[in-house]
Amino acid sequence: MRIAVFDVGGTFIKHALMIDDVMTSQDKVSTPCDTQKHFLETIKSVLQEMGEVEGIAFSLPGVIDVERKYIHAGGSLTYNNHTDIHEWEDYFQLPITVENDARCAAIAELECGHMQGIQQGLVLTFGTGVGGGIILNGEIYKGHHLIAGEVSVIYSKDPKQYQSKGLFGAIGSIYNLVDKIAKAKNSETHDGKEVFNWIGAGDKMSQQIFKDYCDEVVLELHNIQCLLDPERICIGGGISENPLFIAGLQRASDEFYQRFPIAFPHAEIVKCQYCNDANMLGAYYHYKKTTMKV
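So the sequence shown is numbered by the UniProt record's numbering: it starts at 1 and just counts up by one.
Careful: at least some of the hints might be erroneous.
Stated by the list, open to error - Dumping the calculated DSSO-like pairs for lysine-lysine here, alpha-carbon to alpha-carbon at most 30 Å:
#1 Lys142 x Lys180
#2 Lys37 x Lys185
#3 Lys288 x Lys37
#4 Lys193 x Lys183
#5 Lys288 x Lys142
#6 Lys14 x Lys183
#7 Lys204 x Lys185
#8 Lys180 x Lys157
#9 Lys185 x Lys142
#10 Lys204 x Lys180
#11 Lys193 x Lys165
#12 Lys183 x Lys142
#13 Lys14 x Lys28
#14 Lys160 x Lys193
#15 Lys193 x Lys211
#16 Lys14 x Lys193
#17 Lys211 x Lys183
#18 Lys69 x Lys44
#19 Lys69 x Lys142
#20 Lys28 x Lys44
#21 Lys165 x Lys180
#22 Lys142 x Lys157
#23 Lys288 x Lys44
#24 Lys157 x Lys183
#25 Lys14 x Lys37
#26 Lys185 x Lys157
#27 Lys142 x Lys28
#28 Lys180 x Lys160
#29 Lys289 x Lys28
#30 Lys160 x Lys28
#31 Lys160 x Lys142
#32 Lys183 x Lys165
#33 Lys165 x Lys14
#34 Lys14 x Lys289
#35 Lys289 x Lys69
Said to hold, decoys possible - Have a look at the derived ranges for each label pair, beta carbon to beta carbon:
#36 His145 x Glu54: 31 to 41 Å
#37 Lys204 x His38: 37 to 47 Å
#38 Gly200 x Asp65: 34 to 44 Å
Quick caveat, the hints were computed from the structure, so don't treat them as lab data. Cβ coordinates follow ideal geometry from the N, Cα and C atoms, glycine included.
Could you build all of it, start to finish, from the sequences and the hints given here?
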């Protein structure tokens, strides 16, 4: 069985070929930011390089009805708003499944990762924005309007004063964190690895900005804790492969609850087992479950 899997982010489209449950041929291309036509042409070009496949599994941002194969809202990719995936199936002449990106990460971790055996959990993926996948009673929870876990659009600051910059998706954005540190150091870099090298090397300015970032993220995690009471929070996205990022959130969480006026239970924070591959792997498991009835 050969299935093409795509994890579509605001900056890159990561892709791989799954051959009998084994992930191969991993790579990435830039995500088109202009039109859906350009997006589909980009996917088609990748498929041509992969060779023959039996189907396509997508991990996508936005509000998605997987049963109807319909994208209500495309998240950062607004050209995918109100998209009927049956039209994509006609275009590619292949069966296609779609699922929200953070839910794909949650599916992967629940299936064979660090959420195995967890009844109440939360998977957060950090990248251009922040995605959330909720596990409730051992299953993925989507909510009545399919927006459960859309943590990017939680307001963390006064919307009148901060507009979209007050959204958790902006505050928790790795892109914005990197940009803020780079500007503070009068650098034009957009390389997250370089920025985290500064943090790891002890650069005081970079460390302070990162600490402030972690404190803001943990404040929102506390608010989510009060609503969902997860046992475990798994951190995903490419940045989760960097131990400094996970350690920073864990340290900020420990300090937050040490200062808290009462004893308060809270989730452990761990990285996703599959880190940057969780979305693709979850999209594949979703494909198997919905298309092959496995």
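Compare the structure with the hints numbered earlier in the document and write down the numbers of the violated ones, lowest to highest.
-> Hints 1, 2, 9, 12, 14 and 30 contradicted; others consistent.
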